[in-house]
Amino acid sequence: EDKVVQSPLSLVVHEGDTVTLNCSYEVTNFRSLLWYKQEKKAPTFLFMLTSSGIEKKSGRLSSILDKKELFSILNITATQTGDSAIYLCAVANNAGNMLTFGGGTRLMVKP
Amino acid sequence: DAGVIQSPRHEVTEMGQEVTLRCKPISGHNSLFWYRQTMMRGLELLIYFNNNVPIDDSGMPEDRFSAKMPNASFSTLKIQPSEPRDSAVYFCASSFGVLNNEQFFGPGTRLTVL
Numbered sequence: 011e012d013k014v015v016q017s018p019l020s021l022v023v024h025e026g027d028t029v030t031l032n033c034s035y036e037v038t039n040f041r042s043l044l045w046y047k048q049e050k051k052a053p054t055f056l057f058m059l060t061s062s063g064i065e066k067k068s069g070r071l072s073s074i075l076d077k078k079e080l081f082s083i084l085n086i087t088a089t090q091t092g093d094s095a096i097y098l099c100a101v102a103n104n105a106g107n108m109l110t111f112g113g114g115t116r117l118m119v120k121p
Numbered sequence: 070d071a072g073v074i075q076s077p078r079h080e081v082t083e084m085g086q087e088v089t090l091r092c093k094p095i096s097g098h099n100s101l102f103w104y105r106q107t108m109m110r111g112l113e114l115l116i117y118f119n120n121n122v123p124i125d126d127s128g129m130p131e132d133r134f135s136a137k138m139p140n141a142s143f144s145t146l147k148i149q150p151s152e153p154r155d156s157a158v159y160f161c162a163s164s165f166g167v168l169n170n171e172q173f174f175g176p177g178t179r180l181t182v183l
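Respectively, the protein sequence lines represent chains A and B. This note's numbering puts the first residue of the first sequence at 11, with every later residue one more than the last. This note's numbering puts the first residue of the second sequence at 70, with every later residue one more than the last.
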C-alpha cells in the first residue's frame, strides 16, 4: 500500500521567513509526486515532480524530488500571510491515475 | 472553462436520510475521482472512474456508499442511509489523459449529518 508522510504537521512563522515542508513516501512503481495548496476550499495544484534533482520553481515557491531517498521538499521564501494554507503532498504510481495523499502541513504566516 | 462543478455546496441532513452529491467534471477530462476529507483522516480517495467505468472503489467505506457515472459529464455519490460519522467535505476531481496525474478539484460539498 502506497504511503505518504508529511512533516511538520503544522508550522507558524512570521512574514518574511523561509519555510521548508517535507514529504516522504513509499510507493510501488513510483510515477510522480505532486504538491497542492489548500486554503479554505479545494486543493489547487502547485507542482508535479517526476525526476530527481530537478528543481521546479514558481515565484517564491520551489520544490525538488529525491527518488533515491524517497522524499521531496517544498520551499517558500519571503513568506506572506497569503501563503497560510494546508500544503498537501501526493504520489502516483504507474498502475493508474490514483493519487495517495499525505496528511498535509498546516502553515500559518503571521504578519 | 468553469472547472469542476459540485452541488450542493452545503448539505445538512438527519441520520438515516439519503444524501446525493453531484459532480460535473471539466469537459474533456476522462478520469473522475471522489474524495472525502476530515480532520482526523485527511484526504481519502473513495472511488475513481476512467472513461465512465469505475476502476477502483476500494476506498468506499461500506455498502451505504455508492457512486455512478452515467456519462462523461456527470457523476453522483450517494449515501443511504447517512450517519453522523459521514460528516465531512466531499471533493470531486477530474483529470485528462492516461497516467496524467494532475487532478483539478471541485469546491467540495460540506456534509453534516445530525
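A hint or two may mislead.
Label pairs and their computed distance ranges (CB to CB) [what the hints assert, rightly or not]: (1) B/F165 x A/S72: 19 to 29 Å; (2) A/S94 x B/E113: 32 to 42 Å; (3) B/D126 x A/E49: 41 to 51 Å; (4) B/G128 x A/S72: 30 to 40 Å; (5) B/A71 x A/T38: 13 to 23 Å; (6) A/A88 x B/G128: 16 to 26 Å; (7) B/T107 x A/K120: 20 to 30 Å; (8) B/F165 x A/E65: 39 to 49 Å; (9) B/V81 x A/R116: 37 to 47 Å; (10) A/G26 x B/T145: 20 to 30 Å; (11) B/D132 x A/S72: 17 to 27 Å; (12) B/E87 x A/G26: 48 to 58 Å; (13) B/Q149 x A/N85: 26 to 36 Å; (14) A/K77 x B/I124: 20 to 30 Å.
Residues from chain B that face chain A, not an exhaustive set, calculated with beta carbons under 10 Å [stated by the list, open to error]: (15) A71; (16) N119; (17) P139; (18) N140; (19) E171.
What the hints contain is simulated information worked out from the structure, not anything from laboratory work. The C-beta atom is built at its ideal place from N, Cα and C for all residues, glycine as well.
Hints and how they fare:
no., hint, verdict
1, B/F165 x A/S72: 19 to 29 Å, "26 Å, holds"
2, A/S94 x B/E113: 32 to 42 Å, "24 Å, violated"
3, B/D126 x A/E49: 41 to 51 Å, "29 Å, violated"
4, B/G128 x A/S72: 30 to 40 Å, "32 Å, holds"
5, B/A71 x A/T38: 13 to 23 Å, "36 Å, violated"
6, A/A88 x B/G128: 16 to 26 Å, "38 Å, violated"
7, B/T107 x A/K120: 20 to 30 Å, "27 Å, holds"
8, B/F165 x A/E65: 39 to 49 Å, "26 Å, violated"
9, B/V81 x A/R116: 37 to 47 Å, "26 Å, violated"
10, A/G26 x B/T145: 20 to 30 Å, "47 Å, violated"
11, B/D132 x A/S72: 17 to 27 Å, "45 Å, violated"
12, B/E87 x A/G26: 48 to 58 Å, "51 Å, holds"
13, B/Q149 x A/N85: 26 to 36 Å, "46 Å, violated"
14, A/K77 x B/I124: 20 to 30 Å, "26 Å, holds"
15, A71, "13 Å, violated"
16, N119, "7 Å, holds"
17, P139, "20 Å, violated"
18, N140, "19 Å, violated"
19, E171, "6 Å, holds"
In this structure, the earlier hints numbered 2, 3, 5, 6, 8, 9, 10, 11, 13, 15, 17, 18 are contradicted, and the remaining ones agree with it.
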